[in-house]
Structure formats: structure tokens, C-alpha cells
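If you're matching them up, the sequences are chains C and W in order.
Just so it is clear: in the first sequence, position 12 is 12 by my numbering, and no numbers are missing.
Just so it is clear: in the second sequence, position 179 is 179 by my numbering, and no numbers are missing.
Just so you know, these hints were derived from the structure itself, not from any lab.
Be aware that a few hints might be false.
[Stated by the list, open to error] Partial selection, computed: residues in chain C whose CB lies under 7 Å from chain W: (1) P23; (2) Y27; (3) T45; (4) T47; (5) R53; (6) D58; (7) K84; (8) Q87; (9) A101; (10) C103; (11) L104.
Quick reminder that beta carbons are idealized off the backbone N, C-alpha and C, glycines included.
Spelled out from the first residue to the last, the chains are:
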Amino acid sequence: MKADTTPLSEPVFLILLSLAQSPRHGYALLKDTEALSDGRVRLSTGTLYGALRRLLEDQWIERFETDDTSRDKQSYRLTPTGRKYLQIELARMNQLTRAAAACLKRREV
Amino acid sequence: MKTTPVKTPLILLFCSACLLHAQTQPPTFDAASLKPVATCNAPQDPQTGPGTLTIRGRTPLVLIQWAYDLPRSQVSGPPFLMENCFDLIAKGAGREDDAQLRLMLRTLLADRFGLKAHLEQREMQVYALTLAKGGPKFKESPTDGPPTVDRTNPVILSAHHMTLTEVGARIADEVGRPVTDETGLTGRYEIRIDLSPYIAAAGTADAGKLDMMSILFTGLTEQLGLKLESRKSTVPILVIDHAEKSPTEN
């Protein structure tokens, strides 16, 4: 079965990528997504909140209760669904990168 | 006078046996198509009509949740139930309501995924949905209709014909715990919260913290007159004893 290759939005991709390493709380997600994009993407609280709500609804991520029960430290973690579709997105990007490199190489010859 | 004292009880006995047989047979769909889909990129909320159920782009876990009417935090099962997505289109023999469709879906899950599960009561941290000071700030639905949720804008929670138990179930996934409805309100309501005013107030990166939960908590209180109170409570948990990763063929 060929996977649907609808691209993920960049904020969603970065959030999933960040959570693929370990569970994180809201503030850590803001900092990590900025670092992952080499400072290019700075998510606003609104964008982060909207993306997290949608990902929670779709069960790509879930809330994760930590020992620190303060609400600002409540973490999110990737679900198996989220990890799978992050991998699908990476495969799509890899295929696109390979195709683009091949096109440029042919043009140069 | 001519009487037939034996025949009537026999017929009654026969009919009772038929009825008992009909009642003990698990309810089933007349027709059902369950197909794997390559992506969960476009998941949709379950759609029901009289005698019809459609769930697109969802994992077996979501199917189980709908069949047992439980949020994620009240289902305990293996991670593979969240790996693959399916489209389910099912029809009953008549105009079955949601409660009957849920029972029919349980039968389908048992047939196709070999699902075996049991309910048990567990004491755990929950959020109790209660009325805030000043009482509710939402209105009863003026018309009848199925509960619907508008997913257009993730910072606006908009729902129609919802019971507060259903509102609690929607919130449960966001707060990561069961939400018990302790408002005492039993009607169906029109619910709308715009969370955008609270997003900026939730915290800033400079302050080194960001309280995502306060956005929802504040919105619920200020715009709906509802509160979420953390407490311990005993709630039903569905424990998955067995399920196959892939369903049998249609």
C-alpha cells in the first residue's frame, strides 16, 4: 500500500521530531523546536497550543504525567501513531531530496 | 367447555426461548467494511446516523474507545493498537441508535480483531468537572440533533448538542486524565470557548515556563462557568486482554 504523502506542517513536524527524542513540556518544546530549526522557527504560544490540541485529538501525542505535578511541567510524548507518521514524513522528504538532487545533477551535466 | 390447558404454556415457553436466544445473541451489523488505510493523516470524528456508523482514518484504539464510550485515559491496552489506521463503514438492519451501534461495534471488534476485554474499577487521579461560582454560562440546545464538534480552529472549542459528560470526555484527552461529570446538569448544550485571550497569559519563553493547561482551565471557568478539580476517584478502566494486530478479511 502506497502511503499518502500529504506533508506535515513545519511546526507539527518539529514538535513530533522533538518528542521523538523524549517526552517534553510546553516550554521545552518551544526551545527545542527553535534549536532543531537552527533558530529559524520560533513557535508562538498560540501556534504551539493549537498544534498540540490537534495532535492530542488525533492521538499522535498524549499527555504524560510526571513526578513533578505542577501544571506547567506536564509533559507530552509521542504515541506509536505519531512515531509512525513522523517516519512516513521523513521517508517522503528523503525521496524528494533524492529526486531533487538527481534533477540538479542532470541539469549540471 | 372445551379447554386447551397444555398448548398455551408450550407456545409461551417456545416464544420465551426464542426471545432469550435473540437477547443473548450479540448485536451485529448487517454489513461492515473495515479497511486499513496507509495514513492517519486525515482522521475524522466518528459519524453516526440511524443505523449507520462511519469512522475514517482511525486506529483500533479509537474504535475500541467509541465502542465502550471511554476516553484514552480509561483504556489500557498494547501500543500496537495505536499503530495502524482503518476506515470503518458499517450499517445495521434498521435505524439503530448510538447505544446499539456501540454494542454492534463491540461484536465486530471481537470478530475481526479477536478483541477480549474486561472492565474493572480503579482508583486514580481524575479531574472532576464542576460548576464554578456564578453557575453555568452556556445554553441548552434549542433543537434536537446528534452531538457535533467543530474542529476548524484548534483554539476555539465549539460543540453542539453536547452533554457535559461528553464535554468531559473530549477534555479528558487534553488533560490526560479521566474527567468525571459532577455538575448535576443533564441536558444537551451549546458549548463555545475562544481560548485565544488566555494563550498569551499562559506564560512566556523568557519566564522559563509555559502552563499549557491553564489556557483550558481559565477558559472553562471564565467563558462556561465550569471548573476542573483534581481529586482521586474510582473510575471504570477497560483492560484489553487480547487483540490481534491485523483484522480478519472483510
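Can the hint on C:A101 be confirmed by a CB-to-CB distance to chain W that is less than 7 Å? violated, 25 Å
Is the hint on C:T47 kept, meaning its closest Cβ partner in chain W is under 7 Å away? violated, 9 Å
Quick check on the hint: C:Q87 CB to chain W CB, less than 7 Å? Where the cut-off is 7 Å and the nearest Cβ of chain W is about 11 Å from C:Q87, the hint is violated.
Holds or violated: the hint that C:R53 contacts chain W, with Cβ atoms closer than 7 Å. Holds: closest Cβ of chain W sits about 4 Å from C:R53, inside 7 Å.
Supplied contact hint for C:T45, tested at 7 Å Cβ to chain W: holds, 5 Å
Given hint C:C103 near chain W, where the shortest CB pair must fall under 7 Å: violated, 26 Å
Is the hint on C:L104 kept, meaning its closest Cβ partner in chain W is under 7 Å away? Interface hint status for C:L104: violated (29 Å vs cutoff 7 Å).
C:D58 as an interface hint toward chain W, with CB separation required under 7 Å: With a minimum Cβ separation of about 5 Å from chain W (threshold 7 Å), the hint on C:D58 holds.
Interface hint check: C:Y27, Cβ to nearest Cβ on chain W, cutoff 7 Å. Holds or violated? Since chain W brings a Cβ to about 4 Å from C:Y27, closer than 7 Å, the hint holds.
Can you verify the interface hint for C:K84: is its Cβ closer than 7 Å to any Cβ in chain W? Interface hint status for C:K84: holds (6 Å vs cutoff 7 Å).
Using the nearest Cβ pair, does C:P23 come within less than 7 Å of chain W? violated, 11 Å
Of the numbered hints listed earlier, those contradicted by the structure are 1, 4, 8, 9, 10 and 11.
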